[in-house]
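Top line first, the protein sequences correspond to chains A and B. Going left to right, the first sequence walks through residues 1 to 596 as the working numbering numbers them. Going left to right, the second sequence walks through residues 1001 to 1450 as the working numbering numbers them.
Source of the hints: derived by calculation from the structure; they are not laboratory data. Hints may contain errors.
Pair ranges (Cβ atoms, derived) [stated by the list, open to error]:
| # | chain 1 | residue 1 | chain 2 | residue 2 | range |
| --- | --- | --- | --- | --- | --- |
| 1 | A | GLN559 | B | GLN1394 | 15 to 23 Å |
| 2 | A | GLY455 | B | ARG1053 | 32 to 40 Å |
| 3 | A | LEU529 | B | ASP1253 | 51 to 59 Å |
| 4 | A | LYS534 | B | GLN1394 | 20 to 28 Å |
Nothing here was measured: the structure is a model prediction, and the numbers come from that model. Each residue gets a CB set at the ideal place from its N, CA and C atoms; glycine is no exception.
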Amino acid sequence: MGASTLLLTGNIDTIAQMSCNPAIGGQAKGQMVREIDALGGEMAINTDVTAIQFRLLNESKGPAVRSPRAQCDKKAYQFRLKHTLELQKNLQIFQATVTGLIYKNGQVIGCQTNLDIKFMGRTVVVTTGTFLRGLMHVGQNKNEGGRLGDFSAKTLSASLLEAGIELQRLKTGTPPRLLGRSINFTGLQEQKGDAKPTLFAFHDTRDPEDLFHVEQTGERRLGWSPGSEQASCWMTYTTPASEKIVRDNLHRSAMYSGEIEGVGPRYCPSIEDKFVRFADKPRHLLFLEPEGRSTNEYYVNGLSTSLPFEVQLDLVHSIPGLEQAVLLRPAYAVEYDFAPPTQLFPWLESRKAENLFLAGQINGTSGYEEAAAQGLIAGVNAVLKVRGEDPLIIQRHEGYIGVLIDDLVTKGTIEPYRMFTSRAEHRLLFNHGSAELRLFEHSKSHKLLSDNRIGKILHKLNRVHYWQNYLENTRSGAGIWAEGIRRDKEIAKLPSELAAETAEIREEVLYRVIYAGYLERELRQVEKLKHVEKIRIPLAMDYAAIPGMRRESALKLAQFRPQNLGQASRISGVNPADISILMIQIAAQRRATEAS
Amino acid sequence: MLVPSDTIAALATPVGTSALALIRASGPMARLLVPALFAQAPLPRIAQHADYRDPQGILIDDVLFTFFAGPNSFTGEDCLEISCHGNPFIAQKILADLLARGCRSADPGEFSKRAFLSGRLDLSQAEAVMDLIHARSDQALAAANQQLRGSLGRYMAELTTRLIKTLAHIEAYIDFPDEDLPEENRQSINNDIDTLISDTARLLATSHYGALLREGIKTVILGEPNAGKSSLLNCLVGHERALVSPEPGTTRDYLEELIIIGPYWLRLIDTAGLNLTPAPLEQRGIDKSLEQATQADLFLWVIDATHPRPDLPSDFSRLLTTQNTLVVYNKCDLPVVAQSPLPQPFQSVNFSTITADGLTELQAALVNLGASFQVNVGSEVIAINARHTQALEQAQNCLQSAKLKLAQNIASELLSSDLRSALESFAQISGKIDHERILDELFASFCIGK
Ligand SMILES: Cc1cc2nc3c(=O)[nH]c(=O)nc-3n(C[C@H](O)[C@H](O)[C@H](O)COP(=O)(O)OP(=O)(O)OC[C@H]3O[C@@H](n4cnc5c(N)ncnc54)[C@H](O)[C@@H]3O)c2cc1C
Ligand SMILES: Nc1nc2c(ncn2[C@@H]2O[C@H](COP(=O)(O)OP(=O)(O)OP(=O)(O)O)[C@@H](O)[C@H]2O)c(=O)[nH]1
Ligand SMILES: [Mg+2]
C-alpha cells in the first residue's frame, strides 16, 4: 500500500517463529490462509515453499469443508519470512523491546523502547502474542517469558491499562520436543503426505516473480519446490501406564494445583484434562511430527501438559516408541494478558485510544492463521486510517476472516478463540478455491495485489461466470448441461472447451454447478441479512435517550457500540423489537439532518 | 434507507368477536395475491367482493378486499386489505392461508415501522411508532413468555437440545477429521432425526387443539324435527337467536352462534330437523345439515323424550362416536316415555329448554368432551398457534430433507445445513439460539484436541 512502516520486535531472529507445532492450515484455518493470500498476505506462499508435508483434510467430504494442511520446516518458514520482510519496500525492521505507548489527547502517537529510543507514528499496531506479562509453568516451576527462551513484556500492560483498556488472563500449552534418533519408529504407524500437494497460494493468478522458483529471482530466499521430498509423521498411543503416571501426579500439575488462573482452550486439552474428563477412553492418539529438514527435533502432538519435568520424562517413556526418548525441551503452559476484543472497532482499532490497533493473540485468539488474518486486516486499516479512508471490513458471508473478526468484536471470547468451520453460518460459500474470487472487490479497491494479478483474477472470475451461465443454459443432447452434471456427477463428459480451462476454473465452475441448489439457498439468506448490515449506526448514538428502547438493551448497545444494525442484532440480550426501534431512530435522525 | 423486501401479514383489528375483522398484507407479494386469491386484476383503491378460498378450493368466507398500490398506501408499499366476518376462526384461517402462501407474520408494530421508513409518517410520529412497537412487543413478549415458561417452552428446550446434540455429532467429523474419534455412526444420527421428526409431528398435532381453543369447537345440534334443537341453541346462547315454533320443519337452513362453555369456545350450529322420509324441500335442508355435520368436532343429538325416538339417517349416524357425541333427552318437564337403547353407549343428559333443568350437567358434559380433544404431549398439555405451526412445519421439512440426504449418503456439511435450518426454525419459537452451544456440546462429548 506504500505506507512507510516500522516493525519493532524484541528479537529479529524470532520473526514468524511458530511457538508451537509448525503446522499451517487444517479445518477452517486452511481456508483462512487462502483468504490471506487473496488479500496479499505472505503466509500462503511462505508455507508452500517451506512445507515438508502436505495433506488435504476431509477429502471424502464436499469441497466446502476440504482444507489444506501443511507441516513446515520451522526454521525455514521463519527465516524465509524474515528475509521477505527485509526485502519489502517501505518497511524498516528494528530490534527493540517496546516498554510503553506514548499518548497525546487520547490518541496514541508512538512508542517508547528499552533502548530509550522513542518512535513516533500516525498509527500503531500492537501484536504482542503471549508476551504480555507472559508466565510459563512446568509443574511448580515458574519462569517469566512469552515463549520458552524468550522475554516477557512486563511494562507494556501498564501502558494499555493507562489508556483504559481492560486486560484479562488466558493460558495455552505446548507438548515436549524429542530427539528423533532416540525414538524407535519400528511398529509405529506412518502418516505420509499427499502425493499431489494442495497448495495454499493461488499460483494460477500469481505474477512470475512471486512464484516459488526462488532460485531464479536471484534473491536466494530459502525454500524449495512445493511437495518435493515430503517427510512423514508417525502415530502412537498412550498406555494404561501413562494414565497412572498422570493420575498419580495430578496434584503437581500447574493447571490442577490452582497455580494457573488463566482459562485454557477446550479444543487443546492437556493430557491431564484428557484423562480426567474422558476417563472411559482407554488411550489417546499422539502424532510424532518432524520440526524440519535440518533438525532432528520432533514435536509430540497431543501431549500438551504442565506436569513437572521428571513426571513428563516418565510419561514420555511409558509410550510405545518413546521408551528411550530424549527430551530436548519440556512441555509447558504459558499464561498471558489479553485485551478482551469487544473493546475494538470492527476494523481492529481500539475504542479506548485512537490510532491504536491490536491484532493476534492479544485479542484473545490462538493460532497462526487467526493471528495472520488479523495482522493483515489491522495493517491495512492502520494505513487507511492515516489516509482518512473508509476501513476494510470483511463481512461474515465473505469469508472466515469476516466471521473471526465479527465474532471477536461483537461477542468477545472467554477462552483462546480458534476458528472452526461450524462457526460460519455460510460455510458452504467458503470453499478454499474461491477465496480469491470472494474477496476480489476488497483486494481490488484497496490495491492489495499487483495490477497484473488483479487482472488475472478478474479474468478467472469472468470465465467462471461464463461457464456457469453456459452450463445452466445450453442444451447437450437430451437436456441442459448443468442438469446432466448434477444428476450423474459425471464430470468426464464436459464441453471440451471447459476441459481446456485451468483446473482452478474448472473446479470452481463444477462446485457452483453441482451445489447450485445449496449455494442459492445460502445466497438468499445472505441477501436478507445484507440489508441490515448496510444500515450504519451513527457513532454518537445516545441509546439511553431513544424513546421506547428497553433499558437493558440500551446498556448493552452503549457498551458494544455496534457499527451497523446487523451487528447490533447479534449482540446477545438485544431483542428484535429494540432493533426495530433503533432502526426508526436512525431513520428519524437522518431525516432530521436532511431537513435542516 | 432500504426497506426489506418480504411481505408481512397480520390481523389489523383486535382479536375477539366484532362484526368485521381486517387482515392486512404489505410488501411486494400483495400485488400477486389479488389474482392468486380472487382471480382479479389488482385495481387500486376499489373495494371488491369475492369468495376467499384456500388452495384446495374450500370456501373460507366471502370477503371484501381492497388493493393499495405503493407508495399510496399506509405502509408506502403495495398493500392488500381483506375484511371478513368478525369470527376469530375465519380471520385466523385467512391469516394462516396467507402465511402458507409465503407471507411472514408481522412483528409487533411492523406496519407502522414500514410506514415510517418509507416516509409515509412524518418525523413527529416517529416516537409514537417506537412507543407502539414497544407496547406491542411487550404484549407479545408477555404472551410468548407465558407460553414458553410453560409446557411449550420445556418441550421446545428439549427438542432444541437434542437437535444441537445431533448437530454436534455431525460437526465433530467435519471440523476434526484428524482426531481419534469413534467410527461415525450415521445410523444413530438417523434415529435421532427420526425421533425429532415424530416429536415435532406430535407438537404439530396440537395445532388442531390450539385451533379449537382459539377458534371454537364446531358443535352441530341435530335430531328429528321439532325435538327442540332451536330451543336448545337459544337456551345456551341466552336469548332468542333462532326461530322456535310447534310446527316441525321450522329450521330450514343452518345457523351459527359462538358461545363460551368453561375454557372453550363452542361454535354452535343449529340444523334442520332430520326426517327419514323427507319431502323435497326438507331434503335441501338436510343436505345442508349433512355438509355441516361432516365438518363437525362435536354433536348434540337432541331427542324428544316424550315419545319413542326415531333412528337417525345412516349418513349422520355413522359420524357419531362416543368421543364426539352428547345425547340430550329434551322436554323432560313433560311426562317422558321409556326409550330404546342408543346405538352406541353415548353420554346423555336429561334436559328441558323451558325450565333449564339439567343445564349444569349439560355444560359439564360439554367441557368433558372438549377436554378429550387435547393432544397430550408426554404428560403435558400443549396448544400451539398459527405462527408456531408455520415454524414447526418449516423445521419438519428441513428434518425430512436431512433424513433423505442421510439415506442417499450425501456429504455431512449438506446434511448439517438442513439441520441448522431446522434449528433456526425452532429458534423462531423459543428465541435466539447461540451456535456456540453446538461447540459446547461437541467438546463435552468428544475428547478433541492435541
Ligand atoms: C506455548 C504455546 C502453545 C501454543 N499452542 C498452539 C496450538 O497448539 N495451536 C495453535 O494453533 N496455536 C498455538 N499457539 C498460538 C500461536 O502460537 C499464536 O496464536 C500465534 O503465534 C500468535 O501470533 P501473534 O503474532 O499474535 O504473536 P506471537 O507469534 O507470539 O508473536 C509476538 C511477537 O511480538 C514480539 N513482542 C512481544 N512483546 C513485545 C514488545 N514489548 N516489544 C517488542 N516486541 C514484542 C515477540 O518477540 C514476538 O515476536 C501456542 C502458543 C504458545 C506460546
Ligand atoms: N315442554 C317443552 N317444550 C319444548 C321444549 N323444548 C322445545 N319445546 C317446544 O317444542 C317445539 C319445537 O321446538 P323447536 O326448538 O322449534 O324444535 P326444532 O327441533 O328446532 O324443530 P325444527 O326446527 O322444526 O326441526 C316448540 O313448540 C317448543 O316450544 C322443552 O324442553 N319442553
Ligand atoms: Mg328448529
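How the hints compare with the structure:
1. GLN559(A) with GLN1394(B): 15 to 23 Å: Hint violated: Cβ distance 34 Å, outside 15 to 23 Å.
2. GLY455(A) with ARG1053(B): 32 to 40 Å: violated (59 Å)
3. LEU529(A) with ASP1253(B): 51 to 59 Å: holds (54 Å)
4. LYS534(A) with GLN1394(B): 20 to 28 Å: Holds - the Cβ-Cβ distance for LYS534(A) and GLN1394(B), about 26 Å, lies within 20 to 28 Å.
Violated hints for the displayed structure, listed by number in ascending order: 1, 2.
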